[in-house]
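Could you put together the complete structure from these sequences and hints?
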Amino acid sequence: MIAIIDYDAGNLTSVERALRSLGAECAISRDAGFISAAERVILPGVGRAGTGMASLRRLGLDKVLADTVAAGKPLLGICFGTQIIFDYSEEDFTDCLGLMPGKVVRFPLEHRDADGQPLKVPHMGWNGMQLKRPHPVLSGLPAEAEFYFVHSYYPLPAQESFVVGATDYGLPFASAVARGSLVAVQFHPEKSGRPGLRLLQNFLDWDGKEGGGAL
Amino acid sequence: MLSKRIIPCLDVRDGQLTKGIKFKGNVDIGDPVTMAEFYYQEGADELVFYDITASHEARNIMLEVVRRVAERIFIPFSVGGGLRSVEDMRAVLLAGAEKVSVNSAAVNNPQIIAEGARAFGSQCVVLGMDVLKVPVSQKIPSGYEMVIHGGRKHMGLDALWWAQEAERLGAGEICLNSIDADGTQEGYEMTLTELISSHVSIPVIASGGAGTPEHLAAVLTKGKADAALIASMTHYGHYSVTQIKDYLAGRGIKVRRYW
Numbered sequence: 000m001i002a003i004i005d006y007d008a009g010n011l012t013s014v015e016r017a018l019r020s021l022g023a024e025c026a027i028s029r030d031a032g033f034i035s036a037a038e039r040v041i042l043p044g045v046g047r048a049g050t051g052m053a054s055l056r057r058l059g060l061d062k063v064l065a066d067t068v069a070a071g072k073p074l075l076g077i078c079f080g081t082q083i084i085f086d087y088s089e090e091d092f093t094d095c096l097g098l099m100p101g102k103v104v105r106f107p108l109e110h111r112d113a114d115g116q117p118l119k120v121p122h123m124g125w126n127g128m129q130l131k132r133p134h135p136v137l138s139g140l141p142a143e144a145e146f147y148f149v150h151s152y153y154p155l156p157a158q159e160s161f162v163v164g165a166t167d168y169g170l171p172f173a174s175a176v177a178r179g180s181l182v183a184v185q186f187h188p189e190k191s192g193r194p195g196l197r198l199l200q201n202f203l204d205w206d207g208k209e210g211g212g213a214l
Numbered sequence: 000m001l002s003k004r005i006i007p008c009l010d011v012r013d014g015q016l017t018k019g020i021k022f023k024g025n026v027d028i029g030d031p032v033t034m035a036e037f038y039y040q041e042g043a044d045e046l047v048f049y050d051i052t053a054s055h056e057a058r059n060i061m062l063e064v065v066r067r068v069a070e071r072i073f074i075p076f077s078v079g080g081g082l083r084s085v086e087d088m089r090a091v092l093l094a095g096a097e098k099v100s101v102n103s104a105a106v107n108n109p110q111i112i113a114e115g116a117r118a119f120g121s122q123c124v125v126l127g128m129d130v131l132k133v134p135v136s137q138k139i140p141s142g143y144e145m146v147i148h149g150g151r152k153h154m155g156l157d158a159l160w161w162a163q164e165a166e167r168l169g170a171g172e173i174c175l176n177s178i179d180a181d182g183t184q185e186g187y188e189m190t191l192t193e194l195i196s197s198h199v200s201i202p203v204i205a206s207g208g209a210g211t212p213e214h215l216a217a218v219l220t221k222g223k224a225d226a227a228l229i230a231s232m233t234h235y236g237h238y239s240v241t242q243i244k245d246y247l248a249g250r251g252i253k254v255r256r257y258w
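For the protein sequence lines, the chains are L and H, in the order given.
Reading the first sequence from the start, the letters are residues 0 to 214 in numbering that gives the first Met the number 0.
Reading the second sequence from the start, the letters are residues 0 to 258 in numbering that gives the first Met the number 0.
Just so you know, the hints here were simulated from the structure itself, not pulled from any lab data.
Just so it is clear, CB atoms sit at the ideal spot from N, CA and C, and this is done for glycine as well.
Among the clues, some could well be false.
Unchecked claim - Covered stretches of chain H, as calculated for chain L (at least 3 residues, CB under 8 Å):
(1) 68-82
(2) 87-96
(3) 199-210
What the hints assert, rightly or not - Cut-off 27 Å, straight-line C-alpha distance, at most; resulting in silico cross-link-like pairs (DSS-like, lysine-lysine):
(4) Lys72/L x Lys119/L
(5) Lys119/L x Lys152/H
(6) Lys253/H x Lys131/L
(7) Lys152/H x Lys138/H
(8) Lys119/L x Lys253/H
(9) Lys131/L x Lys138/H
(10) Lys223/H x Lys138/H
Claimed, not checked - Far from chain L, by Cβ distances over 10 Å, these chain H residues were calculated:
(11) Met0
(12) Ser2
(13) Arg58
(14) Ala113
(15) Ser121
(16) Lys138
(17) His148
(18) Lys152
(19) Met154
(20) Gly182
(21) Glu185
(22) Lys221
Written out as structure tokens, the structure is:
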């Protein structure tokens with residue numbers, strides 16, 4: 000059973016639908032007992048750091064997530080769910096889960112590309128990802144695959160070794176990060192067509208250990 | 000960098016797909032769920048559904064269509080037409096749409112943009128604009144006026160002013176439809192698209208008038224659009240999405256090539 004964490008972070012049904020299409024048994028839940036018992040956990044979401052963290056703490060799920068990672072159980076962060084795994088987010092100046100050292104910062108206000116053309120924030124739409132190192136959850140994705148992004152803030156991991164995928168939007172940022180049984184992506188795999196579904200399938204098949212997986 | 004998005008638009012009436020020419024004489028051409036799946040397989044980057052019945056009785060038929068689409072396609076899609084309240088928006092989002100599009104309801108009640116953005120985030124709220132070219136006047140300094148009901152009713156509202164106001168209220172994206180160009184297949188309204196695109200900082204989807212891949216290339220470069228809506232040119236099989244993307248890539252425009 001896969002638990003999709005419900006913490007008032009927007010519409011979670013698209014993640015559920017994508018997993019169901021892959022034949023996975025999953026449920027949206029905010030129940031600490033249920034989430035602890037699940038064999039793998041997904042932290043999805045669109046939302047804000049301040050309210051998202053407040054909900055997680057109120058529901059006692061901050062501790063459940065820390066235990067999930069400590070136990071080596073596979074945990075997948077998606078979009079906003081990826082941002083709150085870090086120590087701190089500039090959004091609402093929020094202390095976050097601290098499951099991965101690093102912080103989350105906003106794209107510059109006057110954001111421009113290499114030619115000086117203004118770049119719109121949020122970064123919304125399809126963009127590529129350059130793999131930085133092999134990871135089982137990102138295996139089998141063609142180099143030209145693109146993913147669907149919607150975000151104004153991006154992760155800045157404390158260590159380069161956490162970065163498994165990078166994306167360019169005026170500046171390069173970490174679009175996929177991993178540490179132990181935790182893997183997290185800034186884009187929405189559930190809305191990224193076949194490559195996104197492949198990533199979700201990889202997560203369903205993953206034993207939570209790093210290493211392996213072809214680049 | 001971001002790819003330019005190609006977005007087929009599906010007009011739905013009573014749960015069936017239609018495509019109107021200048022909003023008149025609509026003819027049924029198929030099942031929206033089948034068509035959505037077809038476009039998903041063909042590499043569309045996103046889909047737009049407009050419920051052109053939008054009577055309250057037909058609302059549940061549309062929600063059922065949205066649910067069935069959401070089970071089969073795994074790219075973003077938006078739903079518009081007749082959404083008048085945050086509750087209407089919520090129903091569509093819960094049924095599986097990624098975004099909602101408000102058009103005449105927002106002209107009549109601009110606060111619906113702010114309320115939607117607060118409830119679901121700006122990224123969920125698309126402002127649909129139906130625009131008609133008019134003589135420049137004190138009231139309409141840009142020479143482009145907001146219209147509703149498919150162009151039958153003039154709103155006395157300047158399109159450029161409204162686009163900026165909607166961004167201020169929290170719209171996350173603008174779908175900019177030229178009533179003059181709509182259904183002509185003679186090309187997008189370039190002046191209008193460039194005008195709006197260069198005066199807002201949210202993405203602009205150009206709509207109305209697409210007939211050939213060259214039209215898309217023009218509006219995505221000179222017109223400064225972030226995405227292009229298409230309908231007749233692919234609905235009737237004159238072109239495929241893949242063909243359009245091949246053409247755009249050949250012109251040096253970044254598009255998503257693997258799906």
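Hints, one by one, checked against the model:
no., hint, verdict
1, 68-82, "holds (count 6)"
2, 87-96, "holds (count 3)"
3, 199-210, "holds (count 3)"
4, Lys72/L x Lys119/L, "violated (37 Å)"
5, Lys119/L x Lys152/H, "violated (33 Å)"
6, Lys253/H x Lys131/L, "holds (22 Å)"
7, Lys152/H x Lys138/H, "holds (16 Å)"
8, Lys119/L x Lys253/H, "holds (16 Å)"
9, Lys131/L x Lys138/H, "violated (55 Å)"
10, Lys223/H x Lys138/H, "holds (26 Å)"
11, Met0, "violated (6 Å)"
12, Ser2, "violated (4 Å)"
13, Arg58, "holds (19 Å)"
14, Ala113, "holds (16 Å)"
15, Ser121, "violated (8 Å)"
16, Lys138, "holds (30 Å)"
17, His148, "holds (30 Å)"
18, Lys152, "holds (31 Å)"
19, Met154, "holds (27 Å)"
20, Gly182, "holds (27 Å)"
21, Glu185, "holds (27 Å)"
22, Lys221, "holds (14 Å)"
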